[in-house]
Amino acid sequence: EAGVAQSPRYKIIEKRQSVAFWCNPISGHATLYWYQQILGQGPKLLIQFQNNGVVDDSQLPKDRFSAERLKGVDSTLKIQPAKLEDSAVYLCASSLVGTPLHFGNGTRLTVT
Amino acid sequence: AQKITQTQPGMFVQEKEAVTLDCTYDTSDQSYGLFWYKQPSSGEMIFLIYQGSYDEQNATEGRYSLNFQKARKSANLVISASQLGDSAMYFCAMRPNAGNNRKLIWGLGTSLAVNP
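Chains as they are written, first to last, in this note's numbering: chain A, 1 to 112; chain B, 1 to 116.
Keep in mind the hints are simulated off the structure, nothing from the lab. Backbone N, C-alpha and C fix where the C-beta goes; we use that ideal spot for every residue, glycine too.
If you want the ones that stay clear, here's a sample from chain B, every Cβ over 10 angstroms from chain A, calculated:
| # | residue |
| --- | --- |
| 1 | Gln-14 |
| 2 | Glu-15 |
| 3 | Thr-24 |
| 4 | Asp-29 |
| 5 | Thr-60 |
Mimicking DSS-like on lysine-lysine, the simulated pairs with C-alpha atoms at most 27 angstroms apart in a straight line are:
| # | chain 1 | residue 1 | chain 2 | residue 2 |
| --- | --- | --- | --- | --- |
| 6 | B | Lys-103 | A | Lys-62 |
| 7 | A | Lys-78 | B | Lys-103 |
| 8 | B | Lys-103 | A | Lys-71 |
| 9 | B | Lys-70 | A | Lys-44 |
| 10 | B | Lys-103 | A | Lys-44 |
| 11 | B | Lys-103 | B | Lys-3 |
| 12 | A | Lys-44 | B | Lys-3 |
| 13 | A | Lys-44 | A | Lys-83 |
| 14 | A | Lys-15 | A | Lys-62 |
So that you can see chain A by itself, here it is in the shape it has in the complex (with noise of 0.2 angstroms):
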C-alpha cells in the first residue's frame, strides 16, 4: 500500500514569512496527526483529526499555526508568520482507530 505522502520535502523561509505543508494519509485512515519535532526531541503533537473533525489541538499554537482536512483525506498545516523556533520537522501521520501510527517522511523547516 502507498505510505503517508507529505511535501515539500525541505522549506526555507524568512521569519515572518508564511508557509503550507501538505499531507496525504494511506488511503482508508480516518486518523490524521500532525507532529512537531525539534530537534534533539521527540515529536511533540500539533493536531489530531478524526475523519475531517478535529480531535485534538490543545497545542497547536492558534495565532499563527493552522490545519485543515477538507473531505476527511488530505491535509494542509500553516505557519503564517513564521519565527525562527518553529525550524523543526514536521511529520504527518495517519493511522486506524487503535492501531500503529504510520508516519510520511516530513519536512523540514528552516526559518532564518
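Following the hints, complete the assembly by docking chain B onto the known chain A.
Only chain B this time, still in chain A's reference frame:
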C-alpha cells in the same frame, strides 16, 4: 503523570551483534500500548514493533523483539544481528487505550550507531 524514559542518549554496537535499547514508562492506566519507532537521519519515522499491555507474549517482528516486563514497567527493544542500516534514532512511545486523552507519549530517543 504519564512518562516515557529512555536513559541511553547514545549507544554503539558492532555489526552482527545484538543490542538492547532501554525504555521505562510510568502510567496509571491498565490498558495501554507500547511502540518503538526508528528515525534515520533522513527524518522519516518508521514503525517497528507494538506491545499491548495485556499481551502475554513478547512481541517479535523479524530482527526486532520487545522485552516486556510489566511489573517493572519496562519495554526494552532488542535488535538482533545489527546491520549498518540500523544506525538511527530510536523512540519508545506509549498510548493509553481508554479515556479521553489517548495521545502518544514519546521518550527523548536513543541514538544507535552500528560500527562495521
